[in-house]
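**Q** The whole structure should be built from the sequences, with the hints applied where relevant.
There are 4 protein chains.
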Amino acid sequence: MDHIRPLPAYLVQRYHGWRATSFAENRSWYRRLADEGQRPRAMVISCCDSRVHVTSIFGAEQGEFFIHRNIANLVPPYEPDGDHHGTSAAVEFAVTSLKVAHLIVLGHSRCGGVQGCYHMCSGHAPELDEKTSFVGRWMDILRPGFARLPEGDDATRQQALEFEAVKVSLENLMTFPFIAERVESGDLSLHGLWNDIAEGGLMALDPRDGSFHPV
Amino acid sequence: MDHIRPLPAYLVQRYHGWRATSFAENRSWYRRLADEGQRPRAMVISCCDSRVHVTSIFGAEQGEFFIHRNIANLVPPYEPDGDHHGTSAAVEFAVTSLKVAHLIVLGHSRCGGVQGCYHMCSGHAPELDEKTSFVGRWMDILRPGFARLPEGDDATRQQALEFEAVKVSLENLMTFPFIAERVESGDLSLHGLWNDIAEGGLMALDPRDGSFHPV
Amino acid sequence: MDHIRPLPAYLVQRYHGWRATSFAENRSWYRRLADEGQRPRAMVISCCDSRVHVTSIFGAEQGEFFIHRNIANLVPPYEPDGDHHGTSAAVEFAVTSLKVAHLIVLGHSRCGGVQGCYHMCSGHAPELDEKTSFVGRWMDILRPGFARLPEGDDATRQQALEFEAVKVSLENLMTFPFIAERVESGDLSLHGLWNDIAEGGLMALDPRDGSFHPV
Amino acid sequence: MDHIRPLPAYLVQRYHGWRATSFAENRSWYRRLADEGQRPRAMVISCCDSRVHVTSIFGAEQGEFFIHRNIANLVPPYEPDGDHHGTSAAVEFAVTSLKVAHLIVLGHSRCGGVQGCYHMCSGHAPELDEKTSFVGRWMDILRPGFARLPEGDDATRQQALEFEAVKVSLENLMTFPFIAERVESGDLSLHGLWNDIAEGGLMALDPRDGSFHPV
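Chains as they are written, first to last, in the numbering used here: chain P, 1 to 215; chain V, 1 to 215; chain E, 1 to 215; chain F, 1 to 215.
Heads up, some of the hints might be wrong.
DSSO-like, lysine-lysine: derived pairs with alpha carbons at most 30 Å apart [to be verified]:
id: 1; chain 1: V; residue 1: K99; chain 2: V; residue 2: K131
id: 2; chain 1: F; residue 1: K99; chain 2: E; residue 2: K99
id: 3; chain 1: E; residue 1: K99; chain 2: F; residue 2: K131
id: 4; chain 1: V; residue 1: K131; chain 2: P; residue 2: K99
id: 5; chain 1: E; residue 1: K131; chain 2: F; residue 2: K167
id: 6; chain 1: F; residue 1: K99; chain 2: F; residue 2: K167
id: 7; chain 1: V; residue 1: K167; chain 2: P; residue 2: K131
id: 8; chain 1: P; residue 1: K131; chain 2: V; residue 2: K131
id: 9; chain 1: V; residue 1: K167; chain 2: V; residue 2: K99
id: 10; chain 1: V; residue 1: K99; chain 2: E; residue 2: K99
id: 11; chain 1: P; residue 1: K131; chain 2: V; residue 2: K99
id: 12; chain 1: F; residue 1: K131; chain 2: F; residue 2: K167
id: 13; chain 1: E; residue 1: K131; chain 2: F; residue 2: K131
Source of the hints: derived by calculation from the structure; they are not laboratory data.
**A** See below:
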């Protein structure tokens with residue numbers, strides 16, 4: 001295990017700072033969360049991007065949100081083929097075991113994954129077209145979104161593709177039988193959001209016409 | 001799009017609270033992060049579990065950590081087969097595009113995913129053995145960890161399996177050529193951690209003997 | 001160059017200790033900071049006093065804070081007269097080149113510079129009144145603060161003068177056109193702090209009434 | 001005082017982390033430092049650059065180093081003209097009041113101030129030549145260093161100018177009577193250092209030939 005290194009000192013210090021303050025103030029709550037298990041009200045699927053913090057945007061406390069984060073907040077279609085599907089596993093666990101009430105897909109501006117997809121689908125990123133590109137193959141999920149982009153300049157179309165990343169994921173979620181069923185019965189509701197990093201904005205998908213409006 | 005619902009009011013309220021306080025105080029920093037792009041120093045792979053908050057444990061600010069969260073903080077082995085691999089895509093993006101300096105796998109106590117794996121491998125969770133179980137097939141990644149568990153009572157072995165989730169992931173990370181190469185050259189360092197939710201503890205993997213010790 | 005001596009051994013030893021630990025753990029991050037340049041989020045103006053460590057108080061990591069330290073954390077008024085102005089140069093570089101989002105003036109208790117100013121303005125330190133006294137002429141910047149001190153005993157008035165050192169500096173900062181402009185537009189925010197060394201306290205200037213309250 | 005804003009939450013959190021850990025562990029030492037005053041053994045003059053941390057390089061504890069930081073770690077010549085001279089005031093206070101034993105000028109690689117001076121002296125930065133440029137007028141101190149640069153390519157000469165920033169400052173320090181006197185008597189020693197940020201290197205000025213060698 002020569003490849004493992006000690007934790008950098010700045011993270012050790014920050015951890016001890018957290019333990020002495022935030023943890024110390026909520027000790028009994030943490031113990032209860034550990035003893036009784038988690039009971040999150042919502043699942044959020046967001047991007048790994050370091051500038052997107054669902055925990056700060058929603059003031060998330062321990063135990064509130066079941067959070068899956070991947071590149072470009074994508075959900076692939078239902079494909080029970082026996083392979084490893086990390087996103088589908090997270091969704092299945094949240095919905096069938098934890099029985100969350102809300103499932104939120106949170107997109108964001110300046111998304112590097114979406115940008116890569118845009119270049120790839122426009123024929124300007126051959127390295128992402130290669131079979132060995134994990135990012136390229138992951139962004140394939142968003143190809144149906146690229147196909148229906150309106151005409152326009154690149155900047156506009158790229159942002160539109162960020163909106164599509166939210167919409168395609170929500171569509172794919174509905175291909176999972178255990179989700180469609182619970183949405184039908186009213187036990188689960190789906191939500192689409194998009195965070196403007198520069199302006200701190202938050203826009204929600206309007207089901208009536210598929211557009212995004214400030215919340 | 002009948003399946004899309006408006007954002008619950010409690011989240012709308014919290015978002016506006018964040019925007020009026022934390023965002024307002026840091027407006028120019030957010031704009032700069034948007035304009036100049038992210039430059040995170042570390043990637044963290046942690047569990048979706050609502051009780052695990054890398055952002056609070058490490059006092060993470062916007063722009064600091066590239067965070068991937070999946071069930072049981074697992075990384076599958078390198079498999080460039082052209083399929084969707086969300087975790088591998090996230091790792092590839094962080095290491096080759098963002099050039100993070102640290103890659104941290106953060107496990108935790110009372111992990112529902114690990115517990116499911118333990119029951120499945122012990123023959124007590126037939127529903128997870130089914131081909132259509134996304135959670136089961138995802139937890140297959142951890143089977144090599146179960147195989148080498150020491151004898152002992154169930155509680156001890158289950159916690160040992162949580163440690164294995166960290167170790168198996170770190171081993172699998174080293175099967176990615178672009179990671180092994182950078183670890184070799186000293187440009188990337190790997191770290192293994194385990195968070196005790198009840199006690200607010202943090203233990204680090206000791207490369208000398210594979211055990212975990214408090215940081 | 002007979003006046004140059006070799007570095008004392010205790011500092012050589014400490015440097016090697018740092019290089020073998022903290023630097024070694026973060027090698028690629030340092031290289032990146034060197035290659036891509038600094039992008040600090042905040043500038044701090046604090047005292048040279050050996051007991052005031054912004055880097056420990058704020059757990060500052062390499063690359064986070066642009067730090068100017070002078071006697072009594074003072075900023076002179078805007079005076080573009082062609083002379084050397086070290087503090088004004090530092091402020092200009094931080095704001096116009098590095099585009100920091102926050103500018104923090106950090107005062108502290110038991111400040112020797114402020115004490116000297118208090119004695120000088122009270123007529124009890126003639127040596128500081130001399131034209132050749134660099135400390136005296138530097139502390140002239142704080143004379144407007146002394147002029148508005150409330151009545152009271154010496155200890156109270158001296159601490160009040162430490163608060164004034166923060167307030168006068170913040171007022172002077174606003175006389176720089178490039179600062180006033182950015183504060184106006186919301187791109188830069190100013191903050192006043194005072195650190196109690198004995199108690200490890202931190203008080204922030206309240207803009208509503210000019211008083212200081214614990215953060 | 002509309003221009004003053006509350007301290008950003010991330011700094012409030014970090015401060016409380018420090019207070020609960022590092023401060024709490026050293027409470028009596030801090031109180032003693034406050035009661036008995038500081039007694040630093042060395043003064044360090046370094047750059048404001050966020051990547052240069054004398055406190056981490058030298059593992060500085062509270063009370064050890066009197067630290068002045070300005071753009072490019074420059075000291076102007078002795079000029080007792082009655083104007084504000086922040087650097088000269090800091091040096092005077094450290095040497096005559098605190099009686100430090102060591103005075104260290106710490107330069108560093110990739111210095112933005114030195115780079116600006118290089119461009120200015122080469123005729124490529126007219127904006128720095130303007131009378132109103134605080135950075136330009138401050139960097140005038142380094143002009144004698146530029147004048148004696150050896151021939152060579154720009155990168156080599158720019159790094160040589162970083163070395164000159166250390167040497168010019170040390171020369172200027174010797175123009176202060178209270179310094180020359182104490183150096184003469186052996187009560188004060190001067191040291192010149194240069195920190196390579198990318199490599200974590202530290203080079204010391206060799207008085208024999210004016211070159212820099214690894215410590």
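**Q** All the hints need checking, so say for each whether the structure fits it.
**A** Taking the hints in turn, this is what the structure says about them:
Restraint check for V:K99 and V:K131: the C-alpha separation of about 37 Å exceeds 30 Å, so the hint is violated. Note on F:K99 and E:K99: the hinted pairing is violated, with a Cα-Cα distance of about 37 Å set against a maximum of 30 Å. As the CA atoms of E:K99 and F:K131 are separated by approximately 22 Å, the hinted pair is consistent with the 30 Å bound. Distance hint between V:K131 and P:K99 is fulfilled; the C-alpha atoms sit about 22 Å from each other, no more than 30 Å.
Distance restraint check for E:K131 and F:K167: the Cα-Cα separation of roughly 28 Å lies within the 30 Å cut-off, and the hinted pair is therefore satisfied. In summary, the hint linking F:K99 to F:K167 is supported, as the alpha carbons are separated by about 22 Å, within the 30 Å threshold. Restraint check for V:K167 and P:K131: satisfied, since their Cα atoms lie roughly 28 Å apart, inside the 30 Å limit. Taking the CA atoms of P:K131 and V:K131, the gap is about 26 Å. The hint holds against a cut of 30 Å.
For the suggested pair V:K167 and V:K99, the alpha carbons sit about 22 Å apart, so the restraint of at most 30 Å is met. A distance of roughly 24 Å separates the Cα atoms of V:K99 and E:K99; the hinted pair therefore holds under the 30 Å criterion. For the hint linking P:K131 to V:K99, the alpha-carbon distance of about 22 Å falls within 30 Å, and the restraint holds. A distance of roughly 26 Å separates the Cα atoms of F:K131 and F:K167; the hinted pair therefore holds under the 30 Å criterion.
Under the criterion of a C-alpha separation no larger than 30 Å, the hint pairing E:K131 with F:K131 is consistent with the structure, at around 26 Å.
When each numbered hint is compared with the structure, violations occur for hints 1, 2.
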